[in-house]
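Since the structure of chain Z is already known, use the hints to place chain C on it.
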Amino acid sequence: MIGVAPPAYDPAAPTTADTLPVGSAATVRAYVAELLRRHRGAFLLLVTVNAVAVLASLAGPWLLGGLVERVSHGARELHLPLTVGLFALALLVQAVFVREVRLRGAMLGERMLADLREDFLVRSVRLPPGVLERAGTGDLLSRITTDIDRLANAMREAVPQLTVGVVWTALLLGGLVLTAPPLAAAVLVALPLLLAGCRWYFRRAPSAYRSEAAGYAAVAAALTETVDAGRTVEAHRLGERRIALSELRIKQWTAWERYTLWLRSVLFPVVNITHVTVLAAVLLIGGVFVLRGWLGIGQLTTGALIAQMLVDPVGLILRWYDELQVAQVSLARLVGVREIEPDAGDASLSPAGRDMHADRVHFGYREGVDVLREVSLKVAPGTRLALVGPSGAGKSTLGRLLAGIYAPRKGRVALGGAELSRMPAERVRAHVALVNQEHHVFVGSLRDNLLLARADADDAELWAALGAVDADGWARALENGLDTEVGSGGFALTPAQAQQIALARLVLADPHTLVLDEATSLLDPRAARHLERSLARVLDGRTVVAIAHRLHTAHDADVIAVVENGRISELGPHDDLVAADGTYAALWRSWHG
Amino acid sequence: MQIQDLPYPDPGVPDTRSGLRLLWWLERNQLGGQLRALAWGLLHFASVAALPFCVGLAVQAVVDRSGSRLALTGGLLALLCAGNALGDTFLHRAAVTNWVTAAARLQQLLARKAAELGSALTRRVAAGEVVTVSTGDIEKIGWCVEAVSRFTAAAVTVLLVCAALLVYQPALGMVVVVGLPVMAFAVLPLLPHATRRADVQREKAGRATELASDTVAGLRVLRGIGGEELFLDRYRRASQEVRHAAVRSARMWALIAAIQVLLPGLLLIAVVWYGIHLARTGRITVGELVTVYSSVLILAYPLRHFQEIAMAYSFSRPSAERAARVLSLKRPADSTGTRTADVPSGDLYDPATGLCAPAGRLTAVVCGDPDAAGRLAERLGGHPAEPGTSVLLGGVPLDELPLEAARTAVLVQDKDPVLLSGSLRELLDVPASGNVSAEEALAAAQCDDVLEALAQTMPAAGDPMDARITERGRSLSGGQRQRLALARSLIADPEVLVLDEPTSAVDAHTEARIAQGLRKLRSGRTTVVFTSSPLLLDRADRVVLVHEGTVAAVGSHRDLVRTEPRYRAVVTRETDEERALHDMIRADGGPRAAPAGPPDDDAALRDVVEKMEETA
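Read top to bottom, the protein sequences are chains Z and C. Heads up: the first sequence at position 156 corresponds to 156 in my numbering, and the numbers run straight through without jumps. Heads up: the second sequence at position 476 corresponds to 476 in my numbering, and the numbers run straight through without jumps.
Treat each hint with caution, since some may be false.
Calculated pairs, EDC-like style, for lysine to aspartate or glutamate (alpha carbon to alpha carbon, straight line, at most 16 Å) [to be verified]: (1) Z:K378 <-> Z:E341; (2) C:K520 <-> C:E404; (3) C:K520 <-> C:D559; (4) Z:K251 <-> Z:D10; (5) C:K415 <-> Z:D558; (6) C:K520 <-> C:D541; (7) Z:K251 <-> C:E129; (8) C:K204 <-> Z:D149; (9) Z:K251 <-> C:D541; (10) C:K415 <-> C:E452; (11) C:K330 <-> C:E129; (12) Z:K378 <-> Z:D228.
Calculated from the structure, these hints are not laboratory results.
Looking at chain Z on its own, in the form it has when it is part of the complex (with noise of 0.2 Å):
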């Protein structure tokens, strides 16, 4: 065996950019010490149980060592039944304390995982929604699945047991010392070798352990793709691909499985070794001590028996090191969220009256690329709006500036006179909403899915809502009603019945203004027709910005935008457009045939 390089190929690597900030090395540490100051409690107890436990678990060795010493010079009295019943005694409380430590330690652990995740979902939920709306929820979504994942064994396994594994070579350590002094000099012989060997592997694990989970993720992933498409795989003949491309994942993870072993394979004789040249260390100059009547023979007994009792807390440390390490990686990412300030608006800001404006607004995603430019607009109350245009023209983006949830660049987009952006997303909500493809149906009850749109509601309302987008009948129909779990893993709603919920939760926050982007295009058209009667409903007396897919869209509503390379190129009624002759006539025509 001459070593193993890492391989080139890094499964952890990012293939994207993160899209949300990682917590700086500072906010990571403030985090972890405003954690520890949340525990202080548990923690002191942790490490006080666990000095008992170790304590008393050196009374055997201490016990023993002093009977060896007396039958070895042959004493007639040995007080048998009182050593032995201190041993007993001692073993009781080391057997409670044990239970102690673990059930205190998990404990411990555990409060401050649920702490984490609780915290990080807290601040999750409070994130700007032009945040959301630019960096997606991927990012965010993989934070809370794998991040936690892999902080969980670090809270509930690695903090305790460290603790413990510190505490308790420090007072094995401290025990040899007070029986015999020259033996802790012995342990000392091996500690160089320990520290190089350390030194070397802990430079490299934590990466490479980082890596190989990640390997091993992507091996599940890849055969999860497969099974997902598999209609897809079937239909293009992928399947020898996908095969090929599991075993390429396959090949990519045992590499690193190769390379961590290696890894192991030197930290694994180094830790033996340093065990043995302890014990023997302890037994061969302890001996040469007794022999030249330096150190009593039971000092050595009880000398060795601790030197070999070193060998479960060390384990504990080598073993539980790493997984910290790779835990700091998840603990920046999840921690990285609080660097985003939630933007708290003028609370003071409320519009007075329903009229939209936008004024000269210029937008952009990037610095110096607008998306939009110089786009002006009034939308008076109860007028229904439709922005067309080919795609990436900017009609989306125009429809979240109006709905507040982008601030424009130049310009100012005002409801009632009150300027969107300056307004707390709560505030803004209470009187426009976006409505988009995303027909998310929350998993958990019916009702759960509705009462988040107006938490005080009773079950009538909830049925008046439903009733009012013509989901009635087939909620009624439900087993368990308002009360039927659906969401992934509970009863499957087909797109448009997630869409009716969609619409139910807007009858319920009864918004005065809604702006539709592309809220029907996802379904299949023939189930949409019959949406479109419901949403019709919805829609009534409200002021409507619709970004319309569907030139039947544009044709109902009572003004059109046509918007063009970001820029408004036509706007006005239906008729009046297709009169003029532009753009739009164009596509309608070939449109209606």
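Then chain C, alone, in the frame of chain Z:
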């Protein structure tokens, strides 16, 4: 098998008759590795178990004031040190290799099974099971398979130590031999409880993670309409439940830990008590007493493997059952076919509905019921999930062709085509005729803005073909996903291309251009498009209206709009009032010429009038 030689060129045919047989099959297939682990394990455990003899020897040497015997002990210790280090390291290497090879073999088998099952896996239960096996079960199965040799080595060592103690010091050895089984088996009855509690904890943790990711996945909805507190409370409750379950589980493990301290401790006390008596009467030496004491301390280590194998088995048993079940899944119908694998060509004809797509033409199909359209599209490709009368291509029944040949002849792009993750280049690299380049297909599917969006995700001025598509194309909008999927199907350039609603999420401007591009790129090839969009229908050579499972009308889009009310109802989405008006005019013998309508037209009219009354 060494790790660096993975993956297996051929993972073999597993024995899937039961979970236990699967475990045994895996075990049998790595017999060499198991024997290696056993041999190194014996060296390691034996070296560890011999340490107490050294301790005893050393103490006795000192008691007897013998410097040479002390030096001898030192030499023995050096030997044991080497044996222990070598044994432990190579045992670990052999054990990890066994685990990795077993896991890799299972992953390979799963990948093959998933590819073989293909569309048959879309049944949700089966799909979920395959994923569970891959993400959770394989680790446990590998653990159980691997642990066998380690356990055997530990068990053999314990027996050897007992025998040695009996020979070395019969009286004290007897005490240890009687006490050991109690130590080995005392906690076993508690293990099922502990694993059960661990399972409950895992289940609750899974539920909490699910709630959290579900909340995050729907976060835009929450931030847009409210309800954050509702979902936070719910998550907090789930999170606290996990904590309680974890502490409950820890209570059991803490109890086990205490018993593991208490029992060896009691044995130690017995050894000390009895041993001192023996020492005082001179029947044993002090060194022998220390050896026995120290042995009991050290035996706890190999004894842990008794516990581990029990746990590995109880954890992996259900996993192995599930893996065996998944690996024995089969496609519902035979896919080998009875004919040779020649790819036929000619008109595509479906005897069940009467639908005919002439060779080399663009046929559009309009169908009022989306589910029926999906089923019909699936049938057009042959080998559907529900077998029936086969669709004919150039007179050859597709169901009688081998699956691979049928899929080569006809490519059916369903309503929800999945974009596989990877670079754009990899996405578009599908088995193809080679006649259509990626550039042509992307242009025809109007993917310019997709390329632009993808280029923006790349570090400075990268080739968009190298840009990464995330799983299911989630980072793209619905319309962008549809256009990329269309481009992929166009590149494949099959004899017959069947598309189900390929542009439903695309805006009208772009859709019009796609219709043009599709027509041009597929000219001379057979194409069937299920759609209700006038922009696409207008470009088709032939439009077929399928109603209630049979072809109801055939013609051009413009003719059908004029003459066929059911067609008009589906494609123009005229409001109910308008439709009723049309129908009334026709009923009144108005100016519009009444087409020869099928008999159920009156029923449709009644339906419309009822709906008008409802809404009035």
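Status of each hint after checking the structure:
1. Simply put, K378 (chain Z) and E341 (chain Z) have alpha-carbon atoms about 32 Å apart, too far for the 16 Å limit, and the pair is violated.
2. Proposed proximity of K520 (chain C) and E404 (chain C) is contradicted: the alpha carbons are some 28 Å apart, above 16 Å.
3. Between K520 (chain C) and D559 (chain C), the direct Cα distance comes to roughly 23 Å. Violation of the 16 Å bound is thereby established for this hinted pair.
4. Annotation: proposed proximity of K251 (chain Z) to D10 (chain Z) holds, straight-line Cα distance about 12 Å (limit 16 Å).
5. Proximity of K415 (chain C) to D558 (chain Z) is assessed by CA-CA distance (about 33 Å); at most 16 Å being required, the pair is judged violated.
6. Between K520 (chain C) and D541 (chain C) the CA atoms are separated by roughly 12 Å; this keeps the pair inside 16 Å, and the hint holds.
7. A distance of roughly 24 Å separates the Cα atoms of K251 (chain Z) and E129 (chain C); the hinted pair therefore is violated under the 16 Å criterion.
8. A hinted pair counts as satisfied when its Cα atoms are at most 16 Å apart, and K204 (chain C) with D149 (chain Z) qualifies at roughly 13 Å.
9. At most 16 Å may separate the alpha-carbon atoms for a hinted pair to count; K251 (chain Z) and D541 (chain C) exceed this at roughly 50 Å.
10. Distance restraint check for K415 (chain C) and E452 (chain C): the Cα-Cα separation of roughly 25 Å exceeds the 16 Å cut-off, and the hinted pair is therefore not satisfied.
11. The hinted pair formed by K330 (chain C) and E129 (chain C) meets the criterion: a straight-line CA distance of about 14 Å does not exceed 16 Å.
12. Between K378 (chain Z) and D228 (chain Z) the CA atoms are separated by roughly 46 Å; this puts the pair beyond 16 Å, and the hint is violated.
The structure shown violates the earlier hints numbered 1, 2, 3, 5, 7, 9, 10 and 12.
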